[in-house]
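Residue numbers (our numbering), protein chains in the order written: chain A, 1 to 520; chain B, 521 to 1644.
Any given hint could be a false lead.
Computed, partial: chain A to chain B, Cβ under 8 Å [as the list claims (entries may be wrong)]:
1) Asn29
2) Tyr54
3) Gly210
Just so you know, these hints were derived from the structure itself, not from any lab. Note that the coordinates shown come from a computational prediction; the quantities given were computed from them, not determined experimentally. We treat Cβ as the ideally placed atom computed from N, Cα and C, and that holds for glycine.
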Amino acid sequence: MKLYNKYIYILMTVVVILVSCKKSSLDLNPPDKLSTQNFWKSESDADLALTGCYNFLYAQGGSYSTSQYEVVAWDNFSDNSYGQYNYGGGTSALSSGLSPGVFDTYNLYQSSYYVNNYTAIASINYFLANVDKVLTGDKLKQYKAEAYFLRAFNYYWLAILYGNVIITTADPFTLDYKKHMAKSTRADVLKQVEADLDLAIAGLPDVAYGNGHAVKATAQGYKVRALLFEKKYADAATLANTIIAGGKFSLNPSYPSNFYKPAQNSSPEIMFSVKYQLPNLSHQDNGISVPLQRWKGELATQDLVNEYEAADGKDTTSSAVYVKGKPFDNRDPRMRMTLFFPGDTKAQGWPFTGSYAVAQPGKDSWIVGYYAVKKWLDPTLVDPDYGVKGDNDFVLLRYADVLLMYAEAQNEAVGPDASAYNAINLVRKRVNMPDLAAGLSQAQFREKVRHERRVEFALEGIRYFDLRRWGIATQKLNGFVQNPLFSTVKTKYADNYDFWPIPQPEIDRNSPELVQNPGY
Amino acid sequence: MNINLLISINWYKIMKLSCCQILLAIIFAGVSVAGTTRAQGVLDRKVDIAAVDMDMKSFLNMLSKKAGVKFVYLKETLSNQQKVTTAGGQKDLKAILEQVFLANGIGFELVNNQIILTKLRIPADTGSQNSEDKNDGPEIIQVKVTGQVTDDKGVALPGVTIKVKGTTVAAATDGQGNYTINAPDYNATLIVSYLGYVTREVAINGQKVVNIQLQEDNKALNEVVVVGYSTQSRHKLTSAVVTVSGDELNKRVATSPTTLLQGKLPGLQVVQGSGEPGNENVQLTIRGVGTFSGAGSNPLIIVDGLPGSLDVLNANDIESISVLKDASSAAIYGSRGANGVIVVKTKRGKAGSLAIQYTYNLGISKPTKLPDIITNSATYMQLSNEARTNSSLAPLYTQDQIDLYQNATDRVKYPNHNWLNDIFRTAYTQNHYLNMSGGKDSTTYSVGVGITNQPGVMRGFDYSKYTFSLGLNSKLNKRITFGSDIQMRYGRKLTPENGASDQFLSALAQSPLYPAQSSDGRWIKKAYSNEQGNKNPAAIVGEDIRTRGNDYYLQGNLSLDIDLFKGLRWENKGGFNYGYYKFNDFRPVIPTYYYSDMSPAGNLDDGSPGLNVGNSDNIYTVYYSQLTYKKSLGLHNFSAFAGYQREKNNASNINASRTQYVTNYLRELNAGPSDGQTNNGTSSAWAISSFYGSANYDYADKYLLGANIRYDGTSRLPSNSRYGTFYSFSGGWRISKENFLKDVLWLNDLKVRGSWGQLGNQNIGTYTYQSTLSGANYAFGGSVSSGFVANTLVDPSLTWETTRVGDIGLDMTILNNKLVLSADYFNKYTFDILRSSQVPFYIGLNAPTINDGALRNKGFEFALQYNDRIGRDFSYTVGVNLQTYKNKLERYGSKDISDHTIRQEGHELDAYYMYVWDGIFQSQQEIDNSPKQPVTPTPGDLKIKDVNGDGKIDANDRTYVSGRFPSYQYSANIGAAYKGFDFSAQLYGSQGQKAYVNGWGIEPFRQGSVPITDWLNRWTPTNHTNTMPKIYVADGYAAVQNYPSTYFLKDASFVRLKSLQLGYNFALPVLKKVSIKSLRVFVAADNVFTISKYPGLDPERVGDGTYVTYPQNRTITFGASIKL
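Okay, chain A solo, but in the shape it has when bound:
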């Protein structure tokens, strides 16, 4: 019994010690996450936070696991391509039209793009509100300039998609999230974009683009886009000319080299892109070659193919070199650089071997009447299938775009002068297309620019936004037969679609201050 008593006393002591343990044992912190309280202490924190501001370029879009900036999917919203698996949401946007989208899961992409942009803006505003705690001088100026560019980039997307949106530039952690906000007009949003771009242009280094960080010309190029959108043609032409005169960029002699690694790493033409890097930062899901080339997730329309000129620069009806019955021969070389055609083999870059060595519509998900996509394909790939990862950079701004924007702006501002001709002919010459005929009227030249933009940037996500800013989206996209085989299926586009609906939950959460865009 005495022995037991001893044990009892020991046990009591242990219990008393345990009970009187410090209360701080309940203070547990996440072992794999930095606390915001310990951040903004050293210069390197600025690098970490700036990198975080670029990370949104990987943001997913919609219910399919493509990135919002996997620009090729944006052509599914246009007459260029048909996304048979609704990549990016373009297919359903055209077949069902647009609605505030809270009940319809197929319209999820609409709110996800909206959320993506504001998420990015929040991290940029957080960066801008804090970066001067750890940086000074030129470095501070340059870092802030990058952030201003990125903020402009995001508001530009909001402006061209939704138009009238809420503007916020304050540190998001200082905002009262219970406060209801009203939206600003598209003009005011673009004013914000221009202001940020001016700050960016002032602070960014005037060098060639390369490692993924925005440079001065990146911001200038985006400002040209914004100015064109606002139809400020003279300003746009002047600024585009500044980039051209700067001489930091030139057309890549090889058009396809802009679209795959490693060739695109050294392309002098790329002015901004979403950078990927194998093995650890590859595209989402199955990369780009598997969905595009293997599964034919996106197929070009006959309408796009018809747009390509014959090799002599004439349309197929008046061309001397176009041979009827051989519709895929003797055309603008960009057509073959962009698409695959029936009968293509390894000689034409067709990546498949064995019994699939010859391209054949109707086979392996290739819907008859469409064209499989070649752009964005690494020519060294063989039999792309599950597990083939990709790290092609998604090109968001090319020097060719600056040239064609200059041609367009100059034509609108002063007419088709020599500099406008020169700009567009540079782009054509690169692919051995003959110069434009001289003596075009302003309207004729406008049509030539529009044609050039469509074929130059096919499957690069430019077409949908061009159609909208030119005011011809309804004309081109409403009642358009997406698939020539199914003539009863017509696309839907209405003028009010130029402003997408603001996601319904955002309306509800800011009610009544925030009102929906007209027509929804």
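Given chain A, put chain B in place with the hints provided.
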């Protein structure tokens, strides 16, 4: 030496002195009568003695040695013809003496640590045995009655006490349950009593042989119920607690103990979502869904006093399960008790020699129900073309192709393939269970070993489970008791790559035009390349593309209880559970082919090829130390306890992957190239520290009061708001104890009780209140740069979610304990719900978790059980229980509308909110005369109801539709026993709930999926029906799919014969010879039949979503159980 302790003398002379025997004995011993209180302790000594037909003197020798006591008797008192049989086990000396001597007509008296044995006389009437003048009187003529006492299963009961009513004459049964007793006359009544059985009075009625059957006293009021940190007698309970015994639970055969709870406990809703082995997706809800927060509605599971896991157990190791439903019972668990508590006790063993039990069963399972799909290829092709045409899509099949299948004689080349046969099978489940228990001296133990081998009815699913359970109890000395329980599980699970629903959906997405595999073993993708479809599910299993999951789990505890002084007990318990899970998931590269021309069709879609491995572990430690005090003063009974508890949990995981394997056969990391390898891992921890206390008081077992309090601090909440106090009060009144009801003979017990209290829930993410940065990298200049973003708002004043529960209950036992009734009404209100705030998107940050919102559940529970017997051999029991509750969101904020549900104040949580389907348009004229539909319908399309009557269908026509929660759930059980046979059945039903289901199997041609045969009766221009619209292609038919409508909302009410069991206990004498205590064989059936309007599949499912889920199993089990 022991002989010396027995004093055997000649008492004749003494007898002749005609003195009082007791007095003489005292004189003889020369000791005065003193200190009887202390001496009485001798009779309370625990003795473990077993004897079979032993002669009386040898028995006395043994008993004397074991009990350390002297016996004094006259020679003639004992005769060697008297044989003694008694079962082993810890018993009071007094009980042994009563059993052995009273049965033989020998009385005993304790005098100064000596036990004096005397021959009893049969007195003429009670109370006169000490009267001297009767002592010498003539003995009364007696009748001799014999018989056997058995339990309700016919098993003989040894050691049963039999008394003649109104006398002190008593006897006990021998090892075969037989007794002999001398009654004064044939009109006497016998009182038969045995611990754990209902005492019976049996009239002799002139018979010489009276066989008696005793009913086990399962529901006895003094049954001890395990509640939080303590136990209570059932009659003293003032809270809503329901209990089920392990025996009752194991009447059904299932490999997961959680599923066995279904229908057993009113107030506990058990929904089994799947029949997948090892992943039954069982949803436990006590008294309705209490919250919409991430903190969840899962009840707290307590195993042997400490938080643990129920699924880890083998059902056979469970002694009992209690469900603590109200605030009064659960408040002692404070911040973890808001959703109720399930308290599990595992087996600890009983004193006595080694008892061995072995059970084996073999279950044969099939799916309860599968969709009835079209398997005729030509029909499929025609319907596909029709559907595509209706959806404005080009037909996939030419008439030539259809004719090929229509007219084919070569059914290998042109099959009518049913893909469900490729993925479903009859599965054979085997269970072995071995239990050894016993005890020696003051130590008892129970060891259980279980092996379960359970292949799934869906091919490719395989689960093996090995369990080990140890319960140990040891009294180290008079004051100190030591105990330990350990449960171990090793589970090995094989799961096809993306799980059950993916396999099922993929199978439905195959057309009947081709088999899974060509005759030369190549996997088929489709017949023609323009067909839609999904991955070949048979190839997934055939190529063994399965996740190998190994699950190791160990939970254990040590307890040390010390009686400090009378009434005060110090209890300590420490425990842990440790879980370790590792998986290996390899995706090979498998080519597939088109069946029409056997051309290559790309690789099988089994995800990104390569290997993904990982493991995760979780260690949870807990201990508590508490003081328990019990005191009775007259009729005032008081008990209380208070303690301190501390819990900590650490979880971690690590994963790695490699891709581009050169072969499909090497499935380890090192076999793959290191280029592109990835890894990740993290850890997290939480801790809770608590003080708790409880007090109970009753007056004369009639007026009962209870109170609980707990003070909890949690690491999941900020330091200035992390402590919370939770409490409850309860009271009960046993009306049947009142004088005015004393004479109401049919009423055995009647109690009303009430409780009220406040509980907490803190079960949110581990670091929710802390503002942190998330990793956000970017690939600058050919390498990956690290980056961070701050993307989440936090609420620095975050605190508990609180639940208030009020409960009023009634317990009644009537008709000689035959009918037991219990009813409860509850009102459960949860507020300050831990929820994600509704932050506008423009803020750009993830919403903070805040305290806002309130939800109420009100309901009623009812249970009734009736036990009785007809004649001697037939006994039966019938029971029903029922539960119903209403759920209401009382505070939420601006309404949130999801696809087909709404969260809005004043309605059920996530109430169905949709368009109302109003039949099918039969003609263009009907369309023209109907409200304007949002799409342009054609005849055969769904007609949507204009709910607000404004002539057009828009979002304002969505309306609330009932059926989110069941209106009521019920179960009924019936049991019967006849001689060696026993039978039981359980019916389980749930009424009023609906399920919003879509996708493959209900929407035709989603990914080309086969339609169910109902579509043969679709609307066509020549077949005007109002039940099935025109056939269409999923995603291509706005008129049906563009609005969530009641078309997709199916009545999922059902009643099902959940289980049926027939058993037989062999009572062959030969078994005794080979020392087999019992041998039982049984056959059981699970999910025997189901009555439901739910179309196609099993109505018992968890929530909305995809129409098909892994089906439940219909199982027939054959088993045998042997006890040694």
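Now for the hints, and whether the structure bears them out:
no.: 1; hint: Asn29; result: holds, 7 Å
no.: 2; hint: Tyr54; result: holds, 4 Å
no.: 3; hint: Gly210; result: holds, 7 Å
In summary, this structure violates none of the numbered hints.
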